[in-house]
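Undergrad: For the record, the sequence lines run as chains A and B.
For what it's worth, the numbering used here labels the leading residue of the first sequence as 7, then goes sequentially.
For what it's worth, the numbering used here labels the leading residue of the second sequence as 7, then goes sequentially.
Each statement offered as a hint is correct.
Below, simulated DSS-like cross-link-like pairs (lysine-lysine); rule was C-alpha separation at most 27 Å, straight line: (1) Lys-38/B - Lys-38/A; (2) Lys-92/A - Lys-125/A; (3) Lys-92/A - Lys-26/A; (4) Lys-92/B - Lys-25/B; (5) Lys-118/A - Lys-92/A; (6) Lys-38/A - Lys-118/A; (7) Lys-93/A - Lys-26/A; (8) Lys-38/B - Lys-93/B; (9) Lys-82/A - Lys-82/B; (10) Lys-125/B - Lys-93/B; (11) Lys-38/A - Lys-82/B; (12) Lys-82/A - Lys-38/B.
No lab work stands behind these hints: they were computed from the structure.
There are 2 protein chains.
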Amino acid sequence: MQRVTNCVLQSDNQILMLKKPRRNWYAAPGGKMEPGENIKQAVKREFKEETDLTLVDPELKGVFTFVIQEDGETVKEWMMFTFACKKYEGKLTDYCREGELEWVPFQDVLTKDMAEGDKTIFDHCMNRDEVLYGTFTYTSDYQLLSLQLD
Amino acid sequence: MQRVTNCVLQSDNQILMLKKPRRNWYAAPGGKMEPGENIKQAVKREFKEETDLTLVDPELKGVFTFVIQEDGETVKEWMMFTFACKKYEGKLTDYCREGELEWVPFQDVLTKDMAEGDKTIFDHCMNRDEVLYGTFTYTSDYQLLSLQLD
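Assemble the whole structure, with the sequences as input and the hints as a guide.
TA: Pasting the structure below:
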């Protein structure tokens, strides 16, 4: 089962977002866990690889189950661990192999094109303190079928 | 990949522990996530199944990667999500299929026989507020080989 970690980094009333080339959808930088890693190691490593920035004290804000369904059958399931962070070290990279990195003002974050469920996640990370739990069910072309939050 | 949830339930300076028959080791009640569940649904369902108690507002206290190694090779990897909770509803079951349930006074919890890494987890859940991240590497007969905490 795939496990993904990502982080919503806030600084100066902006969020660091990654515009991915496939659909021009925005997301939080991050990526797949490697075998034996814990989730905090994974998010720090992935964030550094994509941005050159070192996260300082990222905090877990969401644990999500993602289900991909086709014709009512589950074809894939994975987990995503979303952190939020307000402090970092380093200088943002000029080049990210995954897409374009962009500091986006708070008020513009939810207006960007993104997977529908990701708006819930960004909104939570920017505005709430507790950990959010949920299951997002998507079609294989990323139309949100259902959303269950706890 | 197997995903397990469990919960350290505190009440009246006691912890509800489960003594499992295989090694007579103590553990926190819990069990495997089912497809499509989020981790909070899973821990509430599993805890209820094993104890008849309904957890009220369980909070995530640990996210752990478990690695089983034989002769230096990883043969299995799974995730464990550990909650802590101070409130419940219902009456403890007379019979649990997984072992014997026992309310254990705080000061006795860490003296019980258990997997070595579980002492760290109980200690954290009883005494700390933040989320702990870590990787526990065991042999297939549950000797702790290494422990990495974040």
